[in-house]
Amino acid sequence: MPWLRLAWRDLRSSKARFLFVVLAVAVGVGSLTGVRSFSRAFRAMLLTNARTLMAADMTVRIFGRPTPPQEAVLRELEARGVRRTQVTETVTMAATPGSQPLLVTLKAVDPAIYPFYGEVKLEPEGQLRTVLNDGTAVVSEDLLLRLGARTGGAIRLGGQDFRIAAVLAAEPDRLTGTLNVGPRVMITHGGLDRTGLISLGSRASERFLFRLPPRGPGVEEVRRIFKRAFPESTIADYRETHPIITRALDRSTTFLSLVSLIALVVGALGVGTAIDAHLRQKMDTIAILKCLGARSSQVLRIYVVQTLILGVAGGLAGVAVGAAVTRAFPVLLSRILPAAPALGWDPLPAIQGLIIGVAATLLFTVPPLLGVRGIRPNIIFRREMAETAPRRRWGASLVSGAAIVAGIGVIAAWLVEGDARLALRMGAYFAGGLALALLALAGIARLLLAGLKSLVRHVRLPVTLRHGVANLYRPGTHSTAVLVALGVGVMFTLTVFLLQRSLVDQIAGSAPPGMPNVFLLDIPAADRQGLAALAARQAGVERPLEVSTSVSMKIESVNGVAVEQLPLQQFGRRFLRTRPVTWMAQKPAELVVLQGAWWDAARPAPEPQVSVQEEAARILGVKPGSTLAWNAWGRKVQSRVAAVHRSEAVRTTARFEFIFSPGALEGMPAVYFGSMRVRPRDVGALQRALYDRFPTVTVVNVADVLEIIQQVVDQVAVVYRFLSLFIILAGAVILASSVAGTRFRRVREVAILKALGATRRRVAGVFSVEFLLLGAVAGLMGGLLATGFTAALLKGLLDAPFRLDPLPAAAAVVLTALLANAAGWVASWRILGRKPLEVLRD
Amino acid sequence: MIRVHNLTKVIQTGTHRVEILKGIDLEVARGEVVAVVGPSGSGKSTLLGLLAGLDTPTSGSIVLDGQEIAGMDEDTLAVLRGRKIGVVFQSYHLIPTLTAEENVMLPAELAGNGDGIRDRARDLLDRVGLKERRDHYPVQLSGGEQQRVALARAFMARPPILLADEPTGNLDSANGRMVLDSLLALNQREGTTLVLVTHDAELTRHARRTIAMRDGRIVPGHEGG
Chain A
12 MPWLRLAWRD
22 LRSSKARFLF
32 VVLAVAVGVG
42 SLTGVRSFSR
52 AFRAMLLTNA
62 RTLMAADMTV
72 RIFGRPTPPQ
82 EAVLRELEAR
92 GVRRTQVTET
102 VTMAATPGSQ
112 PLLVTLKAVD
122 PAIYPFYGEV
132 KLEPEGQLRT
142 VLNDGTAVVS
152 EDLLLRLGAR
162 TGGAIRLGGQ
172 DFRIAAVLAA
182 EPDRLTGTLN
192 VGPRVMITHG
202 GLDRTGLISL
212 GSRASERFLF
222 RLPPRGPGVE
232 EVRRIFKRAF
242 PESTIADYRE
252 THPIITRALD
262 RSTTFLSLVS
272 LIALVVGALG
282 VGTAIDAHLR
292 QKMDTIAILK
302 CLGARSSQVL
312 RIYVVQTLIL
322 GVAGGLAGVA
332 VGAAVTRAFP
342 VLLSRILPAA
352 PALGWDPLPA
362 IQGLIIGVAA
372 TLLFTVPPLL
382 GVRGIRPNII
392 FRREMAETAP
402 RRRWGASLVS
412 GAAIVAGIGV
422 IAAWLVEGDA
432 RLALRMGAYF
442 AGGLALALLA
452 LAGIARLLLA
462 GLKSLVRHVR
472 LPVTLRHGVA
482 NLYRPGTHST
492 AVLVALGVGV
502 MFTLTVFLLQ
512 RSLVDQIAGS
522 APPGMPNVFL
532 LDIPAADRQG
542 LAALAARQAG
552 VERPLEVSTS
562 VSMKIESVNG
572 VAVEQLPLQQ
582 FGRRFLRTRP
592 VTWMAQKPAE
602 LVVLQGAWWD
612 AARPAPEPQV
622 SVQEEAARIL
632 GVKPGSTLAW
642 NAWGRKVQSR
652 VAAVHRSEAV
662 RTTARFEFIF
672 SPGALEGMPA
682 VYFGSMRVRP
692 RDVGALQRAL
702 YDRFPTVTVV
712 NVADVLEIIQ
722 QVVDQVAVVY
732 RFLSLFIILA
742 GAVILASSVA
752 GTRFRRVREV
762 AILKALGATR
772 RRVAGVFSVE
782 FLLLGAVAGL
792 MGGLLATGFT
802 AALLKGLLDA
812 PFRLDPLPAA
822 AAVVLTALLA
832 NAAGWVASWR
842 ILGRKPLEVL
852 RD
Chain B
-18 MIRVHNLTKV
-8 IQTGTHRVEI
2 LKGIDLEVAR
12 GEVVAVVGPS
22 GSGKSTLLGL
32 LAGLDTPTSG
42 SIVLDGQEIA
52 GMDEDTLAVL
62 RGRKIGVVFQ
72 SYHLIPTLTA
82 EENVMLPAEL
92 AGNGDGIRDR
102 ARDLLDRVGL
112 KERRDHYPVQ
122 LSGGEQQRVA
132 LARAFMARPP
142 ILLADEPTGN
152 LDSANGRMVL
162 DSLLALNQRE
172 GTTLVLVTHD
182 AELTRHARRT
192 IAMRDGRIVP
202 GHEGG
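Note that the protein sequences, when read in sequence, are chains A and B. Each residue of the first sequence is one higher than the one before, counting from 12 in my numbering. Each residue of the second sequence is one higher than the one before, counting from -18 in my numbering.
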């Protein structure tokens, strides 16, 4: 293999630079393999512990109570030896005498049977079946803390007292449960009945846990029976990971993989620039090789082999980094992980990471490698001191640019968890988005560099500053690439931070003026009047209580076509399950009728009328005149679409997709919920007053919502920020690599400057100005784009207001400048100490 | 102006110990023009480098303008160079990112002189015949032109001593002639003490004194004008 030998020999001469290149690839590959190894270990853990995580062989989850035919199916299976227990979960208020009521998740179980698998851990140690009865509760430790209660004391739920029997340390099916709001309370079904919290139509989640007999109906058969009996329910069994967790895991794995891919792309960009710098320096060598009779293709082979060596070395180092990254996840996610997955070495993500590392490296070195063909042998006779770039052709640049975008798209598609169509679409979006972002950053970087250049030409700056700035646009520095690489990292990290903060701030800073900030759930029908009267008497009411009615109904058919036959995608699949609907006589002011007409309450139509919200109408393909058939609690309802509407109000409680004409839903089990706006300091008093009179009504204030959202957002954001640090790190490595690439020039210039009388401090000042400026400009670009990006996301996607805050962007500028300075000096500190003579005589 | 006593330079490369200078004694008077000649490897450029403070001697003493420089640290040497020594290299060593004028102004800027430096740089460029090329970058200049820019730069800070290492070594005879004329004209005008390392017989003819070197020593008897 003479090419391998030649490539290796040539590589050896630029060890320092290529060390950084290998590091840049390793950072990206490490992040990628880390994410995917953890995801696979987590999935494996879910599968091995599937029974424990469900506390059963099989579960069926429904919202609301089962219908009589469903009850019959369950009884029939029970007769065949299938054991069953029911878990009910709901959200309610809990309090101790004198304490502020607190929002909790209430879980009712049958302690004699639950759990079928796994173990409920209590403190002090004990058996659930011995401590839990209709008069007792076990509660999570945070509840004791927040209510100032203790074991043995009392807790009030739905107006009934329960004795706290023990602290709930762990429940096996916590992860596959439905609700995760506030502290947890576990009671018996008898206890739940005592509270009166659950009535027909309540939005409680019911889970049936089943244990199959050793001999009797098999898992396949039971699953079939359930699928028929509970068509809208989520059914899971121990042979698969739980579908709800799997979906969440798939989505997280895809997004985190793509974040890692950005780090890898940044790294690969660095490889591209390093190879470019390397080839510029090797132009003489290449010209000599050509003079000696080497063909372009032969020369190309040497450098392709070199790129491969670098890609493989970076990939292998990345696999090692990935092992460390994998181990960081359990720490980052400690609060939401049910059990630590076994983190052995997994070859599959390692191989995938290696392949992607090498592929990305090769893709980004296509443009400089193609330039090898343009090097003419005669340059060795007429080359002056300044390095000239290999000639590039526009056509070749376009082709290689397209190849890079397409290649990154294919890699991204490979990383998407899901079917091929989704993968291709995500791949295309990712590649397109990334290409646009990189081009935008490159454009801005060039503009800023041109601005600096003109500044130096036209304004007399102190000599240190002038030389520092001049270093940014000297030949062969790749300032644009470095700025883009660092800028991407800053942009990503800052966007995650700004989004997280804006979302939390927005909820914390009380709901926008005029919007409700207190929500009342599960209002009993009989209490509506009394509750409204009590609420109206409270201090600080800024917007009176508005009570909405909700009935859970499922669409059976649309224009005679069964809803299961409709081509529903993603969020559209929500129409396969029960949906909350309401009825109204008059059109509310914030509703705009887009098609058809609202009904005249005085002259009711012969059949029920329904107004459908714009997006639901689009997904279901209905317009005025279409028919919708419904099923609610076994009762069939035929309706005709009278109107298609749009809600102008944002985030009001009554944002129903389906509004019926009055009378259509009469006699259906309805739930009532309300919303109002109260001065923030009067919310506590309102909650206490309501709880005293109506203990079964759940009162949620914005602070509760904030806490729930903050918990989720914080855990998600910490992972994203952890991974986005890899992008910044890749950017810093590229900066170091780029500086190492200009070492030859720097060494000579330092010697000249010293020969002309510059002290080491002066030279250090010149370098620092250069590095700090690079970092500051990258931070500025990243900060500006992140701010714009956050504003666009908040306004366009999340429908939330955006408040400009220059502080995080300013911090990004300062921190990136410092990081860049550190990275630059890592690659060049040794230059300062060299004696001028040994350099200048070379 | 320059007094060198028992100067040695030894380089240790792995197992090899190379004695480049073996006890040089030399004196150069103010305003004198001295040519140092000798075969390749005789130690001429090393001697010049040590005189310029670009490297440190192994032993011996170098006194420039009454100041001992042999024990000085690098930064003190740099400041001294900025004030007292101009250097011209065989390979020009211009900064590629600066224009001809900016390259010329550089030593004065480094020394902290601000007033009138642009005018002086332009005057010097005019004197070396490059008035019209002042906005050109090194890459846009020929070898001879680059060396004349380097000459102008060397005189910029009005150094009392100018050291030139083979200033015409990389040039053809016509360009060499132009550089030589510029050098001598500037030297005469500025009254600088000039030490030249050269192979060029033409250059040697203009020196008041020639010092021959061989194997790291000054050849006795060959010193003279």
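Hint data in this document are derived by calculation from the structure and do not stem from the laboratory. C-beta: ideal position from N, C-alpha, C; glycine also. Be careful, since some hints might not be right.
Stated by the list, open to error - For each label pair, taking beta carbons as the anchor points, the in silico distance ranges come out as:
| # | chain 1 | residue 1 | chain 2 | residue 2 | range |
| --- | --- | --- | --- | --- | --- |
| 1 | A | A833 | B | R64 | 29 to 37 angstroms |
| 2 | B | V44 | A | P473 | 31 to 39 angstroms |
| 3 | A | R772 | B | T39 | 24 to 32 angstroms |
| 4 | B | G(-5) | A | G412 | 47 to 55 angstroms |
To see whether the hints hold, each was checked on the structure:
1. For A:A833 paired with B:R64, a C-beta distance near 34 angstroms keeps the hint of 29 to 37 angstroms intact.
2. For the pair B:V44 and A:P473, the beta carbons lie near 34 angstroms from each other, so the given range of 31 to 39 angstroms is met.
3. Checking the proposed 24 to 32 angstroms range against A:R772 and B:T39 shows it holds: the Cβ atoms sit about 27 angstroms from each other.
4. The beta-carbon spacing between B:G(-5) and A:G412, approximately 49 angstroms, falls within the hinted interval of 47 to 55 angstroms.
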